[in-house]
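Read off the chains here:
4 protein chains.
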Amino acid sequence: MSGNSFGRLFTVTTFGESHGPALGAIIDGCPPGLGLDESDLERDVARRRSGTSHHTSQRKEADQVRILSGVFEGKTTGAPIGLVVENTDARSRDYEKLKDRFRPGHADYTYQQKYGFRDYRGGGRSSARETVMRVAAGAIARKYLAERLGVRIHGYLAELGPLTLEPVNPESAYDNPFFCPDPARVPELEAYMWKLREAGDSVGARVTVIAHGVPPGLGEPVFDRLDADLAHAMMSINAVKGVEIGAGFAVIGHTGSEHRDELTPEGFTANHAGGILGGISSGQDITVSMALKPTSSIQVPGRTIDLEGRPVEVVTTGRHDPCVGLRATPIAEAMLALVLLDHYLRHRAQNADVRSPTPVIPPGRPGW
Amino acid sequence: MSGNSFGRLFTVTTFGESHGPALGAIIDGCPPGLGLDESDLERDVARRRSGTSHHTSQRKEADQVRILSGVFEGKTTGAPIGLVVENTDARSRDYEKLKDRFRPGHADYTYQQKYGFRDYRGGGRSSARETVMRVAAGAIARKYLAERLGVRIHGYLAELGPLTLEPVNPESAYDNPFFCPDPARVPELEAYMWKLREAGDSVGARVTVIAHGVPPGLGEPVFDRLDADLAHAMMSINAVKGVEIGAGFAVIGHTGSEHRDELTPEGFTANHAGGILGGISSGQDITVSMALKPTSSIQVPGRTIDLEGRPVEVVTTGRHDPCVGLRATPIAEAMLALVLLDHYLRHRAQNADVRSPTPVIPPGRPGW
Amino acid sequence: MSGNSFGRLFTVTTFGESHGPALGAIIDGCPPGLGLDESDLERDVARRRSGTSHHTSQRKEADQVRILSGVFEGKTTGAPIGLVVENTDARSRDYEKLKDRFRPGHADYTYQQKYGFRDYRGGGRSSARETVMRVAAGAIARKYLAERLGVRIHGYLAELGPLTLEPVNPESAYDNPFFCPDPARVPELEAYMWKLREAGDSVGARVTVIAHGVPPGLGEPVFDRLDADLAHAMMSINAVKGVEIGAGFAVIGHTGSEHRDELTPEGFTANHAGGILGGISSGQDITVSMALKPTSSIQVPGRTIDLEGRPVEVVTTGRHDPCVGLRATPIAEAMLALVLLDHYLRHRAQNADVRSPTPVIPPGRPGW
Amino acid sequence: MSGNSFGRLFTVTTFGESHGPALGAIIDGCPPGLGLDESDLERDVARRRSGTSHHTSQRKEADQVRILSGVFEGKTTGAPIGLVVENTDARSRDYEKLKDRFRPGHADYTYQQKYGFRDYRGGGRSSARETVMRVAAGAIARKYLAERLGVRIHGYLAELGPLTLEPVNPESAYDNPFFCPDPARVPELEAYMWKLREAGDSVGARVTVIAHGVPPGLGEPVFDRLDADLAHAMMSINAVKGVEIGAGFAVIGHTGSEHRDELTPEGFTANHAGGILGGISSGQDITVSMALKPTSSIQVPGRTIDLEGRPVEVVTTGRHDPCVGLRATPIAEAMLALVLLDHYLRHRAQNADVRSPTPVIPPGRPGW
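Chains as they are written, first to last, in this note's numbering: chain A, 11 to 378; chain B, 11 to 378; chain C, 11 to 378; chain D, 11 to 378.
Hints listed in this document are in silico derivations from the structure and should not be mistaken for laboratory results. Hints may be right or wrong, so weigh each one.
One copy or any two copies: either way a pair holds, since identical chains are not told apart in the list.
[Stated by the list, open to error] DMTMM-like mimics (lysine to aspartate or glutamate), calculated; alpha carbons at most 20 angstroms apart, straight line: (1) Lys109 to Glu83; (2) Lys205 to Glu181; (3) Lys85 to Glu272; (4) Lys85 to Glu48.
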């Protein structure tokens, strides 16, 4: 395919542009018998939605995702699940002025060179609006993982520009528009964002996602390790420029004796591994962290070229997030869910009969 | 598949354990007409080989990779290329004592739980010896990229534990056993490694790889972005725990106005993007950096469990690298080459006829 | 995936049940720049539609296929093309009585055993209504093949039960509801079908499809030969039980000296090969023929079991085709187009640079 | 890939030319814990081998298939299984005279046009020698199916040119070099083949393969139906020009009331379906039949063109089978085993938890 599908056995294929009539997805390979209706998709899709705070794009979309197939009498049938959501607030005229020039830091120039022309309305296929379908599909995976395996996934904003946020209370991340895991810091984030908005500029962020309760054994050596597929999944999200598993880049400074997570009958003594050893889940918490660049759609004028290659100036007005990282938490959670369910199905395809004589040890320390 | 294949159109499938009779690979989809013989694989494979310095595993392997098919009268025919290399220095007895216990930080426990039992000799399939086939396959991709597209790939060791190495002279990285890009620092690295070896411990590292001359247009939105596939590729290498494209995690602190690489007719003004915008190559240098954890095969005793889950102690003797990162540079270069050639073929499948009215602008600043 | 995608590079993924709210498809990998609007899909979809004659299912569907993405200013952009068609004439009550018993010759029993329960309304996912999306997707492939490569595809009904129809005038097959290639025989077919309908029974058929103008070189040895993918494509159509390429089963009685199609500068002397040698197109006409079984939804009572395995009787009323083969021609044409375009893209991915010193010889004799 | 892999989860990738140093395969996704050694491959490979009778190619190959990985202490480990077999009797000089001309009915011309040049020694990659790896891989699948699921696969020669052979005693097919299921007819086949050989000509054949004991539920609607994948598998074998499932082309003349296999608690009343309904196995015997064309490597002179397109004459000497169908039975059995195991793994990936309230009914009548 040309890259609009994700997953080998629990496979999500998506379509849709920012300013086309609709976006949609087909989820193929969902196990039958899972209770599912549209309200199951609603919570995660709502969390991702534009306009939930002052600090994300002012676009207003109802984002009512319809289920068009694959569910009968309230349960998945095993047939492909078709999803569609209409675009109702697409103001294309905002983009007319970007028609003949390329926003620096955007996909404008690369789409032009790859395809020979581009749908310039709101970024077309390269718009972050594409991620609504990831979140809807992820909600299905998440439900299966929770109900059948007891896997719990949660994420939070870990850094916003210069501000580092400790996971004081990760559960509270769902209660504020920043996905901030430390409620006391929310006013500080508010203030920072207002200042940024006044400057017409944007900033980067770090988002962390964690899965608890993942059984050992998920992941396929050599090339399709669980961590390799997670890196793929997260780096496929708009604006992500770096991905870490467990201790991530901090491992450069570790010695082997401090890095290794020892095994005891009571559990692992630490979780530098981020829950993955040799590309296979260990039963520890799976921890993934990612860096999102600042959006390049800013009001600070910049240099660029036009369609014929002549130097011109560009200013982005329209509706844009000053920090795309603010909306990334539910998207990253969805991608984590998709990878885990896909690997669960892959694992049981090959190894459904396996019985190990070795007891499963407890996860030990949460997070890393 | 179960994860032993890489690439959609230029596809590498590998087999082989550390202590089995041989390792091998099949490369499917190689364009016909490329001049190729075994000596073309030799250089890169030799660079990766154990035993080229005191500081990598003392295993001695000739690593003569044989080409068994797909080449006729010195040129690739378009048929699959079969490669095989014998294991000649496999001393399995070293591993008998690890048979009934799991090395912490290793794949021992996760393989056991996934497959119910494991080939404990030298790590079996999870051994870094598996990467010899990546390097051999990568050498073919690299040759095509160089001869047909003028793409040049090089890499170097960027950090070794606490030591940061500037790319003063990246070309010189090929002339020393550390892949150090600053020849003046080699004695310092020697001294550091001897101290580490005396302590029986290991340390992490950072490796950076760069591709120069990549045409714009490679990469498939949405899920198979060039950066997503690169993250997948690099995270699939043993011991890698983090991957960055371009500015990587530094983007968290960037503002949009400083991060974006402006476009001018003379080229991009910077390369924070690492050569990829919207998942598609921009023509800038592709830059990827990765963190490798310290090997857990160390002589410092550690706690673990045995096959029945009882607490025991483990010490690894055998032959091991105190820093697996030292050998990772040619492997990362190979994975970069595989991703680029695969995406070049994918791109021309869909877009061979495309002519953009916009001129290709020069890459501008190298690296980032 | 779980089987709802077709094609490697020009990939069609479909969803939808007979009596759900809608059916849809995502076409990924379509080359950019192809002129496309909804009217391009209309002709083929209309030809396939129920209710165009007395002799196909009496279901009335407008079958207005909407394009939801991937087209901008009248041209494909290279992004995935989302298609959707509403189900407007789904009368589920007809099927209530089939809820607890399995129609012999149908997918009822096998879906039940595979998924544990089934959407019994009109066959659910197993309904031939699924093929509307194949035809819509095939229309896009067909347009590309015609405009860029000059490939012409046509098909016809070759046998209806005991009646064999010669391709006296294949072009005329589009002008009658039977796709009969011999206009003089249409009244005979009419009479035969009325008799069959009165008996409440059904009958089998043979459909033949041909592609003219296919360039040599399409097809991937070993497993993905062009003929292997065509066999896959045709056998994936509801009710197909046999597939032939070229002379098909007649080759059993051929000697080598009569079978082989000799090559001359003026063209091949015959076309027993059906346009494919060694799994690769030869430039001769591609000819594929298939057998479709009689539908098992008939009014003749039959024995079966119920959900608990008890013996019961079943009679199918509802709306059904007495010969599903009557509608199969546009579906088989669509599948042929999908395979050819997919292989054209695969071929140019690997071999875009190839120049053979050997001239392409003309196709020679049409058909076989 | 470029077509040298088969299967989604139990995946076989092969390489090797007729006259290269070796052929090989990688089997990825084999469940762990299956007892396996080289002798398990020997029986099927021996049955396929050249030179077992006067009537197949006179090439003498020991065909000792070595297992290079994926097996430890006599059991599969879950890691990829590498296989290799040396070519020891490759007499390339026989082929020098075919270097500059294309054998009609062969892949010579199409390889030339696809790749720009070709390995002319013994057909290179297009040689039937490629199938030795299919048989070796199939033997592994077959062992798993037999030991874990009780599936038994057998095949036989059903037609040889004008001679039709009834399956009087299918088990006896393994005891004669023709795979003839009617021992009394063997002398007649001998006589026919000697006459053919004297004429320097060749003839076509039909081969039938059957799987008994396949559980219901295997096969993935819509595009990856079990029958579609079987058609793909069989049509990918050299020389196959037609594939039938169950009653095959005879269904054209069937009425619905005679075709459908009724269900009773005691089993199906017939097996026109060939064990597949709606693309999913029903528990009836899976029956597949195929037509193989006469080899075009004959001693009767024929017209062709040379590399520059000029008309020339060609005569094939070398070592060739006057009926390639004679060796096809073990190959078709192998492909059947590969498809069934792949679908078994795919099925349990999605549906491992499914429990149907409906009892599985017995297969009923064997064959069709």
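Tested hints:
1. Lys109 to Glu83: between (47 angstroms within a copy, 13 angstroms between copies)
2. Lys205 to Glu181: neither (27 angstroms within a copy, 45 angstroms between copies)
3. Lys85 to Glu272: Neither: 43 angstroms inside a chain and 30 angstroms across chains, both beyond 20 angstroms.
4. Lys85 to Glu48: within (11 angstroms within a copy, 33 angstroms between copies)
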